[in-house]
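Student: Take these sequences, add in the hints, and give me the full structure.
First to last, the protein sequences are chains A and B.
Going left to right, the first sequence walks through residues 65 to 291 as my numbering numbers them.
Going left to right, the second sequence walks through residues 65 to 291 as my numbering numbers them.
I should point out that these hints are in silico values taken from the structure, not numbers from a laboratory.
Errors might be hidden in some of the hints.
[As the list claims (entries may be wrong)] Quick list of in silico lysine to any residue cross-link-like pairs, SDA-like style, CA-CA up to 25 Å:
(1) A/Lys137 - B/Gly286
(2) A/Lys167 - A/Val246
(3) A/Lys167 - B/Pro198
(4) B/Lys287 - A/Glu172
(5) A/Lys138 - B/Lys161
(6) B/Lys141 - A/Leu112
(7) A/Lys261 - B/His187
(8) B/Lys141 - A/Glu282
(9) A/Lys161 - A/Glu173
(10) B/Lys160 - A/Gly188
(11) A/Lys141 - A/Leu102
(12) A/Lys287 - B/Ala106
(13) B/Lys161 - A/Gly188
(14) A/Lys137 - B/Arg276
(15) A/Lys161 - B/Ala190
(16) A/Lys137 - B/Pro198
(17) B/Lys167 - A/His187
(18) B/Lys261 - A/Leu112
(19) A/Lys167 - A/Ser230
(20) A/Lys261 - B/Thr185
(21) B/Lys235 - A/Trp284
(22) B/Lys138 - A/Asn281
(23) B/Lys261 - A/Arg186
(24) A/Lys235 - B/Arg276
(25) B/Lys287 - A/Glu133
(26) B/Lys167 - A/Val246
(27) B/Lys137 - B/Arg148
(28) B/Lys161 - A/Pro198
(29) B/Lys261 - A/Thr75
[Claimed, not checked] Some chain A residues close to chain B (C-beta under 8 Å, calculated; not the full set):
(30) Ile129
(31) Tyr163
(32) Val247
Cβ coordinates follow ideal geometry from the N, Cα and C atoms, glycine included.
Protein chains: 2
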Amino acid sequence: MTHESWPAEATFAPAERDAVYKTIFARRDVRRFVSSPLPGDAVERILLAAHHAPSVGFMQPWNFIVIREPRTKKLIKEAFLLARRQEAEQFSGERKKLYLSLKLEGIEEAPLNICVTCDSTRHGPAVLGRSLIPQTDIYSTCCAIQNLWLAARAEGLGIGWVSILSEERLKEILRIPGHIAVVGYLCMGYPERFEPKPELETVGWLDRLPLRDVILNETWNGKVGGY
Amino acid sequence: MTHESWPAEATFAPAERDAVYKTIFARRDVRRFVSSPLPGDAVERILLAAHHAPSVGFMQPWNFIVIREPRTKKLIKEAFLLARRQEAEQFSGERKKLYLSLKLEGIEEAPLNICVTCDSTRHGPAVLGRSLIPQTDIYSTCCAIQNLWLAARAEGLGIGWVSILSEERLKEILRIPGHIAVVGYLCMGYPERFEPKPELETVGWLDRLPLRDVILNETWNGKVGGY
Numbered sequence: 065m066t067h068e069s070w071p072a073e074a075t076f077a078p079a080e081r082d083a084v085y086k087t088i089f090a091r092r093d094v095r096r097f098v099s100s101p102l103p104g105d106a107v108e109r110i111l112l113a114a115h116h117a118p119s120v121g122f123m124q125p126w127n128f129i130v131i132r133e134p135r136t137k138k139l140i141k142e143a144f145l146l147a148r149r150q151e152a153e154q155f156s157g158e159r160k161k162l163y164l165s166l167k168l169e170g171i172e173e174a175p176l177n178i179c180v181t182c183d184s185t186r187h188g189p190a191v192l193g194r195s196l197i198p199q200t201d202i203y204s205t206c207c208a209i210q211n212l213w214l215a216a217r218a219e220g221l222g223i224g225w226v227s228i229l230s231e232e233r234l235k236e237i238l239r240i241p242g243h244i245a246v247v248g249y250l251c252m253g254y255p256e257r258f259e260p261k262p263e264l265e266t267v268g269w270l271d272r273l274p275l276r277d278v279i280l281n282e283t284w285n286g287k288v289g290g291y
Numbered sequence: 065m066t067h068e069s070w071p072a073e074a075t076f077a078p079a080e081r082d083a084v085y086k087t088i089f090a091r092r093d094v095r096r097f098v099s100s101p102l103p104g105d106a107v108e109r110i111l112l113a114a115h116h117a118p119s120v121g122f123m124q125p126w127n128f129i130v131i132r133e134p135r136t137k138k139l140i141k142e143a144f145l146l147a148r149r150q151e152a153e154q155f156s157g158e159r160k161k162l163y164l165s166l167k168l169e170g171i172e173e174a175p176l177n178i179c180v181t182c183d184s185t186r187h188g189p190a191v192l193g194r195s196l197i198p199q200t201d202i203y204s205t206c207c208a209i210q211n212l213w214l215a216a217r218a219e220g221l222g223i224g225w226v227s228i229l230s231e232e233r234l235k236e237i238l239r240i241p242g243h244i245a246v247v248g249y250l251c252m253g254y255p256e257r258f259e260p261k262p263e264l265e266t267v268g269w270l271d272r273l274p275l276r277d278v279i280l281n282e283t284w285n286g287k288v289g290g291y
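Tutor: Structure below.
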């Protein structure tokens with residue numbers, strides 16, 4: 065299977081369309097992994113899916129650092145623990161207790177970690193579509209992460225995005241040059257299971273907003289009320 | 065069809081997995097639309113897919129301003145033309161000629177435009193997972209855009225992301241408050257056709273990078289060579 069296998073004008077049968085929605089709705093942020101090894105061909109397909117994200121001016125500003133060594137993961141885990149201690153101070157009382165009870169990463173258990181970066185200098189200073197909103201290269205990189213996440217879900221693999229990390233420390237550990245931005249640090253593996261809902265919803269950290277509350281008509285002042 | 069229809073532990077049949085890859089590889093940035101109206105139920109499914117993106121601390125920081133009025137689109141189109149004139153000055157000679165020959169938006173032709181915003185203040189100052197990397201709320205919003213884009217493709221609808229726009233002018237036209245960030249301005253409609261490749265690749269603006277060139281092993285210095 066390659067990206068050349070389907071004609072671009074492909075239409076989608078109802079079952080195919082449903083499969084796309086199924087992936088989107090069944091995707092979870094996974095923090096509990098089993099140790100089963102990952103099939104190399106699946107990982108390659110998933111990375112190819114990420115690489116086929118949209119990018120501003122066709123810049124493809126991303127890199128994927130694929131991390132397998134327990135030694136590297138251990139350093140990242142230590143950086144996470146430090147960052148979590150720091151973040152916990154933002155909360156107090158019951159909320160802090162709940163925060164500290166949550167499992168927020170699976171760095172060492174996941175067979176693979178992927179650090180996704182963005183190189184703003186790729187292809188020189190002038191990028192089509194990027195001169196007015198320079199951070200669009202970062203936006204493209206986020207789209208690549210979402211492609212990666214959905215492809216993984218369709219392969220039965222879970223992804224957890226760890227954002228409780230110091231970018232500076234990450235760059236030190238992974239020897240990433242100063243001008244490169246770290247956009248996401250992902251853990252990937254077979255999950256213990258896919259939860260029916262986001263864990264932060266299940267434990268009552270925050271509720272899912274009703275769709276109608278996030279849709280506005282014509283302007284910011286447009287009455288809320290769904291499409 | 066709702067997000068409650070599938071059990072979370074759903075596995076994917078090979079045909080379903082292939083449908084997800086098909087959507088990812090056949091997705092295009094569309095700038096040429098036909099005027100056919102959009103089915104309301106498809107638009108609602110697409111927005112629901114966007115709303116089911118991952119978000120840092122389950123923050124769901126996004127809003128979707130759905131724009132239909134020709135008067136609003138005309139103002140946005142004028143803002144685009146001004147921004148394009150400005151951006152064209154970055155290029156010279158043949159490159160500038162090529163830039164100016166490209167169709168880079170379909171603002172007025174697309175039946176629907178969607179402005180996607182991010183509210184960093186949603187749920188108060190302390191957000192789980194966001195204290196060390198504050199821009200993760202923007203990253204979440206980009207993931208929502210990619211969900212939206214893929215769901216649209218599966219519905220046979222095209223999306224074009226217009227980034228040649230001044231954020232300040234957009235906020236003025238759509239009356240968006242100062243503390244809200246505009247992340248993406250999207251045009252949506254049935255496309256004249258889905259191109260086999262990104263247009264910037266077809267016209268020779270830039271080449272697709274080989275996958276092996278964007279994968280690194282273990283650290284930034286890890287030898288390049290694919291997974």
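Student: Could you run down the list of hints and mark each one as holding or not?
Tutor: Each hint tested on the structure:
{"no.": "1", "hint": "A/Lys137 - B/Gly286", "in the structure": "holds, 15 Å"}
{"no.": "2", "hint": "A/Lys167 - A/Val246", "in the structure": "holds, 23 Å"}
{"no.": "3", "hint": "A/Lys167 - B/Pro198", "in the structure": "holds, 21 Å"}
{"no.": "4", "hint": "B/Lys287 - A/Glu172", "in the structure": "holds, 23 Å"}
{"no.": "5", "hint": "A/Lys138 - B/Lys161", "in the structure": "violated, 52 Å"}
{"no.": "6", "hint": "B/Lys141 - A/Leu112", "in the structure": "violated, 34 Å"}
{"no.": "7", "hint": "A/Lys261 - B/His187", "in the structure": "holds, 19 Å"}
{"no.": "8", "hint": "B/Lys141 - A/Glu282", "in the structure": "holds, 15 Å"}
{"no.": "9", "hint": "A/Lys161 - A/Glu173", "in the structure": "holds, 24 Å"}
{"no.": "10", "hint": "B/Lys160 - A/Gly188", "in the structure": "holds, 15 Å"}
{"no.": "11", "hint": "A/Lys141 - A/Leu102", "in the structure": "holds, 21 Å"}
{"no.": "12", "hint": "A/Lys287 - B/Ala106", "in the structure": "holds, 21 Å"}
{"no.": "13", "hint": "B/Lys161 - A/Gly188", "in the structure": "holds, 19 Å"}
{"no.": "14", "hint": "A/Lys137 - B/Arg276", "in the structure": "holds, 23 Å"}
{"no.": "15", "hint": "A/Lys161 - B/Ala190", "in the structure": "holds, 15 Å"}
{"no.": "16", "hint": "A/Lys137 - B/Pro198", "in the structure": "holds, 23 Å"}
{"no.": "17", "hint": "B/Lys167 - A/His187", "in the structure": "holds, 21 Å"}
{"no.": "18", "hint": "B/Lys261 - A/Leu112", "in the structure": "holds, 15 Å"}
{"no.": "19", "hint": "A/Lys167 - A/Ser230", "in the structure": "holds, 18 Å"}
{"no.": "20", "hint": "A/Lys261 - B/Thr185", "in the structure": "holds, 24 Å"}
{"no.": "21", "hint": "B/Lys235 - A/Trp284", "in the structure": "holds, 9 Å"}
{"no.": "22", "hint": "B/Lys138 - A/Asn281", "in the structure": "holds, 17 Å"}
{"no.": "23", "hint": "B/Lys261 - A/Arg186", "in the structure": "holds, 21 Å"}
{"no.": "24", "hint": "A/Lys235 - B/Arg276", "in the structure": "holds, 21 Å"}
{"no.": "25", "hint": "B/Lys287 - A/Glu133", "in the structure": "holds, 15 Å"}
{"no.": "26", "hint": "B/Lys167 - A/Val246", "in the structure": "violated, 32 Å"}
{"no.": "27", "hint": "B/Lys137 - B/Arg148", "in the structure": "holds, 16 Å"}
{"no.": "28", "hint": "B/Lys161 - A/Pro198", "in the structure": "holds, 23 Å"}
{"no.": "29", "hint": "B/Lys261 - A/Thr75", "in the structure": "holds, 16 Å"}
{"no.": "30", "hint": "Ile129", "in the structure": "holds, 5 Å"}
{"no.": "31", "hint": "Tyr163", "in the structure": "holds, 7 Å"}
{"no.": "32", "hint": "Val247", "in the structure": "holds, 7 Å"}
Hint check: violations occur at hints 5, 6 and 26; the rest are consistent with the structure.
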